[in-house]
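Peer 1: Make a model of the complete structure from these sequences and hints.
Heads up: the protein sequence lines correspond to chains W and P, in order.
Going by my numbering, the letters in the first sequence line up with residues 1 to 392, in that order.
Going by my numbering, the letters in the second sequence line up with residues 393 to 784, in that order.
No lab work stands behind these hints: they were computed from the structure.
Just so you know, even glycine gets a beta-carbon here, dropped at the ideal spot from N, CA and C.
Errors might be hidden in some of the hints.
Claimed, not checked - 25 Å max Cα-Cα, derived DMTMM-like pairs, lysine to aspartate or glutamate:
#	chain 1	residue 1	chain 2	residue 2
1	P	Lys-482	W	Glu-323
2	W	Lys-90	P	Glu-719
3	W	Lys-29	P	Asp-742
4	P	Lys-425	P	Asp-500
5	P	Lys-482	W	Glu-327
6	P	Lys-421	W	Asp-350
7	W	Lys-90	P	Asp-742
As the list claims (entries may be wrong) - Residues from chain P shown here face chain W by an in silico Cβ test under 7 Å; the list is partial:
#	residue
8	Val-449
9	Cys-479
10	Gly-481
11	Ile-514
12	Thr-616
13	Thr-618
14	Ser-674
15	Ala-707
16	Gly-710
17	Ser-734
18	Val-776
Number of protein chains: 2
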Amino acid sequence: MTASTPSPSATGVCAPTGFAASATTAGIKPSGKPDMAVVVNQGPQANAAGVFTRNRVVAAPVTYSRAALADGQLRAVLFNSGNANACNGKQGLADTTAMAQRAAELLDLDPQQVAVCSTGLIGELLPMDVVLGGVEALNNLGADGHAAATAIMTTDTVAKEATAYREGWTMGAMGKGVGMMAPSLATMLVCITTDAVASPQALQGALEGASAVTFNTLDVDGSTSTNDTVIIMANGASGVEPSPEELNAAVLEVCASLADQMQADAEGVTKRVRISVEGTASDAQALNAARTIGRDNLFKCAMFGSDPNWGRVLAAVGMADAEMDPENISVYFNGAPVCVGSTGVPGARDVDLSGVDIDVRVDLGTGGPGQAFVRTTDLSHAYVEINSAYSS
Amino acid sequence: MTASTPSPSATGVCAPTGFAASATTAGIKPSGKPDMAVVVNQGPQANAAGVFTRNRVVAAPVTYSRAALADGQLRAVLFNSGNANACNGKQGLADTTAMAQRAAELLDLDPQQVAVCSTGLIGELLPMDVVLGGVEALNNLGADGHAAATAIMTTDTVAKEATAYREGWTMGAMGKGVGMMAPSLATMLVCITTDAVASPQALQGALEGASAVTFNTLDVDGSTSTNDTVIIMANGASGVEPSPEELNAAVLEVCASLADQMQADAEGVTKRVRISVEGTASDAQALNAARTIGRDNLFKCAMFGSDPNWGRVLAAVGMADAEMDPENISVYFNGAPVCVGSTGVPGARDVDLSGVDIDVRVDLGTGGPGQAFVRTTDLSHAYVEINSAYSS
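Peer 2: Set out below in structure tokens:
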């Protein structure tokens, strides 16, 4: 592939020095929209790390990329949208491998230096003639990170990019994800690039720390994808080695930005709901409780209706695996107490939830130190519409 | 209250000898529909048993009725719809107690012989003047079990009754429940009556056994109510003492009928979906896996769209707490294999799911003996509509 130097004005994955990208319309999507991209690390270093779905049913590209990342080294990430290459058996893994091999040939790399990310429909074999044609067409590297971010979209309505500028070094990122957002990542693909000097171990730690409080707090519909992948590559081109705190902060900044963008673009969303839980034994229990509320369809429908139906919060949280005092639970909507001591507050039904952002705070009343939050969305007609007519 | 003898043609809770019922429109519901009922056991015996929600946040009537049932004796069950009397603190329990006391006075009973069941909105105090007026109005007992079944409806569209006729004895039942159906009962209130001779222990065993394979296999939206209650009363008026097997079979028959009616009438349902899971280590794990699929909104939306998107089954089950071989999962839609060895079967997208009933069978591929099933529904526009405009 033809290498070029990213322009200083580049954003997203091409913002850091020494990263190039390319996008194309191979023809995988019936819609005829862009569907393949590649992000290439031009060095000098090839340190990398990744986090993947916790689903036990994983797509072939996850299996492949996990193995490719085992040595903490990557030179490129190849993406396709429109087909997840999941649940395709041995042929699926053979196809992913063929994609990596062809990209590696064109980039003069070893196939183990190339990760592969796929997103789209589960259970359909990749149209490999079209896909390999797309890999050829990607052989025109440039600095257009936005085009790459656009090519990985599925039901996303906007491309998602983030950039963190630091003294002497830069971090860029792109991501996609709108539905299936659940614990341990969303249905997301994320690629983060940086020209900082950072070891694979430092990158892995930063990525896990940031994911825990960003992507892993997003829970749109309780579903967890077979393909979730977040990869970070660091080439050291800036010559600057940030402290662990500086590195962690930059990774957190771009991950938080992408997570915000994903929540805002979640399928059929009309409300962004933040649920925080306190007053239970541990942070893990608080997270369980917050997730239980965030996944409750009756609660989510109430949010769609701007309905301060706090009874559904209590009904939902009563089933959570968390210590609570059932007689002493308090609920706040947008800061206003609506339920104190497990009893309704006069005027609770009049709390205004008509805005796009809704804050729900729940105190489980045990006095324990546990606290956590999740971000979710309402359950709307558009969610049903989008997800009942996806594959057919 | 005025006692009368049920007619031989009575169905539902009044079908067995020695049970009377009454219904009224007290004025709890803004709609002006019937909203209170009572079922009275006229003896000679007063044996009873019950099962209740597993939610830790329980409504006052659950607290009260559990205590009333502690001695295995009940003479009457008082119902109201339109208000769940849940999350109302000490006042809620005082109100439930006042309801039971007034009914007991009128029926010449001890308050501890009266159970109370409430269903409706959570977190609103009962309008006690209206409610106590309703208790007075119920003082006109007859044999119209159907009127009682109608008065306990909330968003139910049809009254739900069942009757099991046996040689010399009879069992009758009524129930309500359409949403919030989840593990450990649905949002259901059920009252079962029988003129058989049966001990409280025999009744309890029969009820728990039947609930496990009927109400507890219904999972419409993963939510669990604060008010779920199933009560059975046996008066021995027939003089016939069925064997444990005969008693269990009759209880199972009426519970299965009510569960079928509840599934068919679930909020916004356009599909009835049965999900069975096999090939895992234990029945409990199979149940976990079936529930995980049945609660997955992406799967439920696909069912609404009659879309044989089996990939969503695999993505959902991969997160279940159950032993599986991720490379050897098979899925059948209406008996047709759509995924074998975790790989799509040619033609899988053409399986016809346009009918109302959809059967989903999943083999987790370990060869283990565990198996279980749940019954659920699709996620439709009507579900969102009904549940986004409930309280406001």
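Peer 1: It remains to establish, for every hint, whether it holds in the given structure.
Peer 2: Structure-based check of all given hints:
1. Simply put, Lys-482 (chain P) and Glu-323 (chain W) have alpha-carbon atoms about 22 Å apart, close enough for the 25 Å limit, and the pair holds.
2. At most 25 Å may separate the alpha-carbon atoms for a hinted pair to count; Lys-90 (chain W) and Glu-719 (chain P) meet this at roughly 10 Å.
3. Note on Lys-29 (chain W) and Asp-742 (chain P): the hinted pairing holds, with a Cα-Cα distance of about 20 Å set against a maximum of 25 Å.
4. Distance check on the hinted pair: Lys-425 (chain P) and Asp-500 (chain P) sit about 28 Å apart at the alpha-carbon level, beyond 25 Å; violated.
5. With a C-alpha separation of about 10 Å, the suggested pair Lys-482 (chain P) and Glu-327 (chain W) falls inside the 25 Å cut-off, and the hint holds.
6. Between Lys-421 (chain P) and Asp-350 (chain W), the direct Cα distance comes to roughly 20 Å. Compliance with the 25 Å bound is thereby established for this hinted pair.
7. Among the hinted pairs, Lys-90 (chain W) with Asp-742 (chain P) is consistent with the structure: their alpha-carbon atoms are about 23 Å apart, no more than 25 Å.
8. A least Cβ separation of about 3 Å between Val-449 (chain P) and chain W falls short of the 7 Å threshold, and the interface hint therefore holds.
9. The beta carbon of Cys-479 (chain P) comes within 5 Å of a beta carbon in chain W, closer than 7 Å, and the hint placing it at the interface holds.
10. The restraint placing Gly-481 (chain P) at the interface with chain W holds, with a minimum CB-CB distance near 4 Å, inside the 7 Å limit.
11. Taking 7 Å as the C-beta contact cut-off toward chain W, the hint placing Ile-514 (chain P) at the interface holds, the least distance being around 3 Å.
12. Interface hint status for Thr-616 (chain P): upheld, as the beta-carbon distance to the closest one in chain W is roughly 5 Å, under 7 Å.
13. Residue-level restraint check for Thr-618 (chain P) holds (minimum Cβ-Cβ distance to chain W is 5 Å; threshold 7 Å).
14. Given the 7 Å rule on beta carbons, the hint for Ser-674 (chain P) is violated: about 17 Å separates it from the nearest Cβ of chain W.
15. Contact between Ala-707 (chain P) and chain W, as hinted, is supported at the beta carbon level, the nearest pair being about 5 Å apart and thus within 7 Å.
16. The closest approach between the C-beta of Gly-710 (chain P) and any C-beta of chain W is roughly 3 Å, which is under the 7 Å cut-off, so the hint is satisfied.
17. A distance limit of 7 Å between C-beta atoms decides the matter here; for Ser-734 (chain P) the minimum to chain W is near 5 Å, and the interface restraint holds.
18. For Val-776 (chain P), the interface hint holds, since its Cβ comes within 7 Å of a Cβ in chain W; the closest pair sits about 5 Å apart.
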